[in-house]
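Protein chains: 4
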Amino acid sequence: MLMIIVMNLGADEENILEVEEKVKEFGYSVHRSTGEKRTILGAIGLPREDVKELLEGIPSVEKVVLVSPPYMLVSREFKREKTVFKVGDVEIGGEKIVLIAGPCAVEGESYLQAAELVKNAGADILRGGAYKPRSSPYSFQGLEEEGLKIMVEARKLTGLPLITEVLDQHSIDTVAECADIIQVGARNMQNFKLLKELGQLNKPVLLKRGMSATIEEWLMAAEYLLLSGNERVILCERGIRTFETYTRNTLDISAVPIAKELSHLPVFVDPSHGTGKWKWVPSMCLAAIAAGADGLLVEVHPSPEEALCDGSQSLIPQRFAQMLEPLRGVAQSVGRTL
Amino acid sequence: MLMIIVMNLGADEENILEVEEKVKEFGYSVHRSTGEKRTILGAIGLPREDVKELLEGIPSVEKVVLVSPPYMLVSREFKREKTVFKVGDVEIGGEKIVLIAGPCAVEGESYLQAAELVKNAGADILRGGAYKPRSSPYSFQGLEEEGLKIMVEARKLTGLPLITEVLDQHSIDTVAECADIIQVGARNMQNFKLLKELGQLNKPVLLKRGMSATIEEWLMAAEYLLLSGNERVILCERGIRTFETYTRNTLDISAVPIAKELSHLPVFVDPSHGTGKWKWVPSMCLAAIAAGADGLLVEVHPSPEEALCDGSQSLIPQRFAQMLEPLRGVAQSVGRTL
Amino acid sequence: MLMIIVMNLGADEENILEVEEKVKEFGYSVHRSTGEKRTILGAIGLPREDVKELLEGIPSVEKVVLVSPPYMLVSREFKREKTVFKVGDVEIGGEKIVLIAGPCAVEGESYLQAAELVKNAGADILRGGAYKPRSSPYSFQGLEEEGLKIMVEARKLTGLPLITEVLDQHSIDTVAECADIIQVGARNMQNFKLLKELGQLNKPVLLKRGMSATIEEWLMAAEYLLLSGNERVILCERGIRTFETYTRNTLDISAVPIAKELSHLPVFVDPSHGTGKWKWVPSMCLAAIAAGADGLLVEVHPSPEEALCDGSQSLIPQRFAQMLEPLRGVAQSVGRTL
Amino acid sequence: MLMIIVMNLGADEENILEVEEKVKEFGYSVHRSTGEKRTILGAIGLPREDVKELLEGIPSVEKVVLVSPPYMLVSREFKREKTVFKVGDVEIGGEKIVLIAGPCAVEGESYLQAAELVKNAGADILRGGAYKPRSSPYSFQGLEEEGLKIMVEARKLTGLPLITEVLDQHSIDTVAECADIIQVGARNMQNFKLLKELGQLNKPVLLKRGMSATIEEWLMAAEYLLLSGNERVILCERGIRTFETYTRNTLDISAVPIAKELSHLPVFVDPSHGTGKWKWVPSMCLAAIAAGADGLLVEVHPSPEEALCDGSQSLIPQRFAQMLEPLRGVAQSVGRTL
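If you read the sequences in order, they're chains A, B, C and D.
Everything in the first sequence is counted per our numbering, starting at 1 for the first residue and increasing by one.
Everything in the second sequence is counted per our numbering, starting at 1 for the first residue and increasing by one.
Everything in the third sequence is counted per our numbering, starting at 1 for the first residue and increasing by one.
Everything in the fourth sequence is counted per our numbering, starting at 1 for the first residue and increasing by one.
By construction, these hints were calculated from the structure, which means they are not laboratory data.
Fair warning: this is a prediction, and the values are worked out from it, not measured in the lab.
Check the hints yourself; a few may be wrong.
Same chains, same label: a pair holds when it works inside one copy or across any pair of copies.
[As the list claims (entries may be wrong)] Below, simulated DSS-like cross-link-like pairs (lysine-lysine); rule was C-alpha separation at most 25 Å, straight line: (1) Lys156 - Lys37; (2) Lys63 - Lys279; (3) Lys279 - Lys22; (4) Lys37 - Lys86; (5) Lys37 - Lys22; (6) Lys203 - Lys149; (7) Lys37 - Lys63; (8) Lys37 - Lys24; (9) Lys37 - Lys96; (10) Lys22 - Lys79; (11) Lys82 - Lys96; (12) Lys279 - Lys82; (13) Lys156 - Lys96; (14) Lys277 - Lys63; (15) Lys193 - Lys203; (16) Lys96 - Lys79; (17) Lys79 - Lys196; (18) Lys119 - Lys24; (19) Lys149 - Lys82; (20) Lys86 - Lys96; (21) Lys24 - Lys79; (22) Lys277 - Lys82.
Excised from the complex, chain A in its bound form (with noise of 0.2 Å):
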């Protein structure tokens, strides 16, 4: 990574050589240039950010500036082919877009019913949450475990791969047990010890981007599961808080190509959690793929007015299944199967 570092304008040589010093310290290679006025040190090691503020803290500096990004494993400077893997028969990343599509929450037996619908509709892997992260302690938390257990069933019933949220660290080993893609949320972007872990295991991770999360502080997060030993990781925009008020979110559809560019991971789009509204899911679903989307994480519930969670962005399982013709077309115009 090169950081630049431009001195003051009344940094003498003593100051000059402090700076170069620490940043030698942190096994950095650094290389001065002395202007008329300003003397400009090149440096060049590993993307901490620690170092930057550290050296932004020294008096004689006035500018403290990252050229490269502070990601690297994730980074198609580091490797420039599109990470393609595996999750049962669905591959991700591939040519062929992937429909996630399920209930937010399991809500007892019911759940088998919604996963034949979501897999006669089309859906090619099956979301739905045992532990739910609510914003009110008086509100449905999930069935936790006796969620998993159905989940499982539900596979069985439909041989789709299964893909659920880990909200702690403590039901970890059970969630990955059960489910063949882990997901983060949105509100665990940056639980740093939970990403540690989740890159120790074997499951490929569905990475949810943060509420108010940059493009950059995203890739950062999944950073922390490559360099754990995971490379099977997908990320997902679900929408970013602004001041808009007729969304639950905004969904940063240019997120898409962005992260695209920069990362060689898969991204996908949860037009769900991102509008808020089922009215306005498939138009998203629509944009999403014309942007470049490798999959979509869509909600799915056979009767949304009995939902127990997020019943208002829910399709019902014909509107899912109608969204597919015109979802074909613009596949194939931006070069992509469904």
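Starting from the known structure of chain A, fit chains B, C and D onto it as the hints suggest.
Relative to the frame of chain A, chains B, C and D by itself:
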């Protein structure tokens, strides 16, 4: 407009009468509903934010909620069918997607060549800026009247209608004389005096969404235009300010289906300002059309590295032309033509 | 909690009964008010966000409005008098302003010297981080257990109580054994599983506001702690993410009077993270106390340019001490002592 | 202004010469520094955002960084000593804190009574709005010229100087004739044409920070005024848009010490718009002064529940007067007087 006024737990008959009286003074009809513990008033009348504010200032009032949106003339409730109108031979808001393209600023005679290239590449309407709003007073501020003259020449040459931005009240007439569509920029979205004057002109107006405006505020700004007499208004999403730094703004693609559901006005998208980088513009054009946009506003410049304004977000004409094939596919998939 | 459900214009008796039924299932009592055109239902029960969401998913429902806030135990309605408790000899939430100070991270034995300087400069409680949440996996992640041991030694040396952050569930017991107050960082504000576990410990918790959390979400997070049995909770404002770039975050000083009006819990302010630059810390300390804060959390480091963490926002002990005189004046002006 | 241009890894001599040439065309001097792998150019000249953009559009350029800020005349580098000037007998920017108070809008003759109350309560300057920018065209838009006449009468009655907002270019002269200070509202902060005209008048201007403007953009707007010839400019923080909903805006108190460090201009604070609720105004007045503000802009109305504009954020005169005692204490603690 329906407004619900929730009285405080302690509000007595006198308090309630006082509020009812006040609401009636503003021409609202009021309906009282007495609960076991609380009284709730429903008031129907003009959508006035100031009445809501005034009521919220009364100690015996707990909360005031607008049930209907605060705009009327721009809403689908007021007019169900989509607004469609013609600018020259170009139909705005119809089945065919409208392509507006051209350099950000008119920088001299080179604009004429750019105009021809843009036309040949497939544009329906020609864009160009004669007056440029710039954060810095040291930046190029546009050729002003000189620029308008060049634009008029370009229209003669290409036969394409012109769109250009008006920045201040003094030059409204000059701009209106030359332009076929007048653009109101993001920074002027809430320049209400300007909107009132433009509402009285007999010229179509393209109204960009403010940098951190909600969709409701954007529609309220359009309401100013319609209430002043101008019904030929185009809404244009151009990105909102978020924490993201890779892009100049975050293009809010979901604003397209939402604005089209709430309003009968045509909705365009400007992915050039929306992303700030030319390489992400084609993806976002595709996404915008997939989401239902009625047209695009794209910066195209024959030699972006010479542009005095926004070169980094301008496509070269060849790339603009290349993008049209996938764009046509996407348009067809969602029932539109290009 | 009062919730108002506005039915659609077209809702018929059957629709209304369906909604009333559903609301009662969740244990709410319902009161119907029939207007000329619309029916409005008032429902009283537990503040459950999921019930609101579920109702909003029903087609015959136009809008659902929570009139009372969604938290209870943390609210002034639940408990009028301020929460005051002791940590060692230090009274939290009382008349006297509490000063928490110390280095951001424990970096080694030098922490002991820092602790003594901080004590002599006027601190009441000692801060230090053993586990550090860092955006980059390449940055210094803290000395972990080793760091805790050094902190315990510093307590012996100075007699000051300790506050330190807990990052993950596995180390809760280890941290609780050493710390007198456990800090929950901004990134963990909505780590609900962590909150539930901390709620069951018999240790005071300082809960930082999330980087882009609303005050309501912050109070809801505190509600998790109180509902799990822990009443010794300190709220700590530490800056929210905005578009501003001169500061690391924007310290929301207005959150102080608001949180204190809505809740009985003590409210502290962390101007070091709030601004990110030591030179603005003293002004913001003064502002926080002027606005009614019960305490301050300030990063103080004997040689900030050596700090492995947040050096640029750390005051040297002399500056911290210098600030106390004007701080005392401000405290007295608002009826407090230092 | 120093600008650093980092060339791409692959940039050759020809590329570098091209960039150097382009930079010189804009009147910059350039200094080249050749590293082992990369070339870095330092350029010194006028702070032009358009040159930065243009350079970023060149493929061989990796990154362009402004080391110095993009404003000059407003900066402390340009003028070290604080700007102090008089409006009538009132010194702005001096040791004494300046209190501007009055109703939000002039609603009729009642303004005269309000003016006297406000004067007696301790105000130095009288505020009032004759032209009101309102999101909704259905809201009260101000008494316009009629309102200005009443304000002039109030000045005769009280002897206090007047401040009022100008909304459009057509009424600049009318407003300038009546007002002692012209206010530019948040929505007009980047109405550059208006700023240029106001810069040419011989009247002090109070420039409010835009609703989602950075401090840098705010200072750039002030630069427009100074560059056009007006040096009597007051910066006024009035809250920025955040996700918080309890407050109308989030008052950025940290903007006070920052703006005062970066610029020599006096900095005022408007806690009425900043919070939107009168009950939080006194706390925020105290915090603003503690943070170093040179003055306050406070909405005071004798009967807020009758106010046609912003009643919910207006203090009654008694409360305004009550606040002055603690305010005096805080002012003294930070070396100021009231």
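Contradicted hints - numbers only: 1, 4, 9, 10, 18, 19, 21
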